[in-house]
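Quick note on numbering: the sequence shown equals residues 1 to 204 in the numbering used here.
Treat the hints with caution; some may be incorrect.
Here are the simulated lysine to aspartate or glutamate pairs, EDC-like style, with alpha carbons at most 20 Å apart [what the hints assert, rightly or not]:
#  : residue 1 : residue 2
1  : 71        : 174
2  : 18        : 183
3  : 71        : 193
4  : 76        : 57
5  : 76        : 64
6  : 76        : 63
7  : 113       : 63
8  : 113       : 40
9  : 71        : 7
10 : 76        : 66
11 : 113       : 180
Since the hints were derived computationally from the structure, they do not count as laboratory data.
Quick caveat, the model's predicted, so the values are computed rather than measured.
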Amino acid sequence: AAARLAEAMHYATLNGGKRLRAMLVYATGEAFNADLEALDAAACAVEMIHAYSLVHDDMPMMDDDDLRRGKPTCHKAYDEATALLVGDALQSQAFECLTNNDLPATQQIAMVKCLAQASGVMGMAGGQAIDLASVGKQLNQSNLQSMHLLKTGALIKASVLLGAYCSSNYQPADLKHLSDYADAIGLAFQVQDDVLDVIADTAT
1 AAARLAEAMH YATLNGGKRL RAMLVYATGE AFNADLEALD AAACAVEMIH
51 AYSLVHDDMP MMDDDDLRRG KPTCHKAYDE ATALLVGDAL QSQAFECLTN
101 NDLPATQQIA MVKCLAQASG VMGMAGGQAI DLASVGKQLN QSNLQSMHLL
151 KTGALIKASV LLGAYCSSNY QPADLKHLSD YADAIGLAFQ VQDDVLDVIA
201 DTAT
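Let the hints inform the model, and build the full structure from the sequences given.
Right, dumping it as structure tokens:
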């Protein structure tokens, strides 16, 4: 059973995708001359959180999607119970992964806290809850922007900040600039995604 779960985790995480969040980890880390091994761990952790969110998002009680990147979604390729466990296991694995480096404990703690906040009620999960509660409702621009900054933007911001946290060369002001930069990327990404949802066909 554990081997099947590991296989499903592999299926859900390595089934394609842009790896945008991982690239942002590396791009920021390169700008701050960060430790490469730590960047590898952070990039993998972010991708695992993103993959878990997609697995759960695709399930029948959420968006009920049959395809993800042209392939059967995890609950279709396996089953709903396995998909639920895949998300749970990937989330745990992500935080374990963040500590698989030789950085000082203070930096590791900052990284764990950053990713936890981005994933939780004040981040991705909270944004998803707002999205579910908004089905069939007309959101104004401010509410829509707030939802996207949590649902999509929080993990993008964490990706950028984690790249800096893998280094000891950043200043507090740098984190503010990086946060503003990440917010802009997150909103642009979500606007494009929402437009494509409306105008693109399934094959595209």
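Taking the hints in turn, this is what the structure says about them:
Distance hint between residue 71 and residue 174 is unfulfilled; the C-alpha atoms sit about 40 Å from each other, more than 20 Å. Of the pairs offered as hints, the one joining residue 18 and residue 183 holds, with about 19 Å between alpha carbons and a cut-off of 20 Å not exceeded. Between residue 71 and residue 193, the direct Cα distance comes to roughly 19 Å. Compliance with the 20 Å bound is thereby established for this hinted pair. Distance restraint check for residue 76 and residue 57: the Cα-Cα separation of roughly 13 Å lies within the 20 Å cut-off, and the hinted pair is therefore satisfied.
A threshold of 20 Å between alpha carbons decides the hint, and for residue 76 with residue 64 the separation of about 10 Å falls inside it, so the pair holds. Among the hinted pairs, residue 76 with residue 63 is consistent with the structure: their alpha-carbon atoms are about 13 Å apart, no more than 20 Å. Restraint check: the Cα-Cα separation between residue 113 and residue 63 comes to about 28 Å, which exceeds 20 Å; the hinted pair is violated. At most 20 Å may separate the alpha-carbon atoms for a hinted pair to count; residue 113 and residue 40 meet this at roughly 18 Å.
With a CA separation close to 15 Å, the supplied pair residue 71 and residue 7 stays within the 20 Å bound. Restraint check for residue 76 and residue 66: the C-alpha separation of about 7 Å stays at or below 20 Å, so the hint holds. A distance of roughly 19 Å separates the Cα atoms of residue 113 and residue 180; the hinted pair therefore holds under the 20 Å criterion.
In summary, the structure is inconsistent with hints 1 and 7 from the numbered list given earlier, while agreeing with the others.
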